[in-house]
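Line order of the protein sequences matches chains W and Z.
Following the working numbering, the numbering of the first sequence begins with 12 at its first residue and continues without gaps.
Following the working numbering, the numbering of the second sequence begins with 52 at its first residue and continues without gaps.
Mixed in with the good hints, there may be bad ones.
So the derived label-pair ranges between C-beta atoms look like this [what the hints assert, rightly or not]: (1) GLY68(W) - VAL81(Z): 22 to 30 Å; (2) GLY113(Z) - ALA34(W): 17 to 25 Å; (3) LEU66(Z) - GLY27(W): 42 to 50 Å.
The set of hints was computed from the structure by calculation and includes no laboratory data.
Being a predicted model, the structure only gives us computed values, none of them experimental.
Positions of the beta carbon are idealized from the N, C-alpha and C atoms, including for glycine.
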Amino acid sequence: EVKLLESGGGLVQPGGSMRLSCAASGFTFTDFYMYWIRQPAGKAPEWLGFIRNKANGYTTEYNPSVKGRFTISRDNTQNMLYLQMNTLRAEDTATYYCARMGFDYWGQGVMVTVSS
Amino acid sequence: DVVMTQTPVSLSVSLGGQVSISCRSSQSLVHNNGNTYLSWYLQKPGQSPQLLIYKVSNRFSGISDRFSGSGSGTDFTLKISRVEPDDLGVYYCGQGTQYPNTFGAGTKLELK
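Modelling step: build the complete structure from the supplied sequences, incorporating the hints.
Set out below in structure tokens:
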């Protein structure tokens with residue numbers, strides 16, 4: 012069974028940093044592109060970016076809205092996906108999801124609140 | 052960015068009824084490889100979005116044939132027949148043809 016489980020959310024001050032993690036299981040992790048998506052309360056999801064699979068060299072793509080502040084990485088030995096978020100702003104407040112290629116499986120989400 | 056416009060914003064339906072949701076993109080969603088990466092998702096209250104339909108008309112594993120997707124180019128439709136209580140929530144269309152991938156604003160399906 013495919014499972015994705017995010018962790019690491021919480022409250023952070025504006026300008027601060029936070030790293031989210033996503034533990035993947037139930038599939039061959041290295042075969043899949045992996046994505047981060049966020050959703051502010053009551054709004055539509057927003058695609059943040061992805062990291063490619065082994066066959067495509069684990070390279071990354073980002074939404075321009077977060078490029079330069081957010082970094083996606085993966086630890087293929089631990090089947091872990093990460094999202095490093097720097098210089099956080101109030102508008103980054105949202106539920107953050109990891110998702111598998113094709114958005115066929117999503118994690119349960121983790122809440123990030125940026126506030127003083 | 053490709054803008055995805057969904058209509059209506061909300062929809063009231065009786066159990067057993069049929070509804071249609073429209074999704075229009077600001078640019079053609081036909082990829083250079085010939086595929087059209089238009090998907091539909093349902094987000095039930097308090098849950099993550101779940102994939103219903105991918106590449107316009109393909110039902111994801113385990114999705115009832117009461118859900119059907121159609122369309123081409125820039126105009127797409129999701130139809131739900133014989134609506135059940137478990138179908139209620141917010142439906143999103145999303146495109147994966149161009150970066151950044153984008154989603155519609157959602158259509159809330161409620162009981163009449």
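Right, here's what the structure says about each hint:
no. : hint                             : verdict
1   : GLY68(W) - VAL81(Z): 22 to 30 Å  : holds (27 Å)
2   : GLY113(Z) - ALA34(W): 17 to 25 Å : holds (23 Å)
3   : LEU66(Z) - GLY27(W): 42 to 50 Å  : holds (48 Å)
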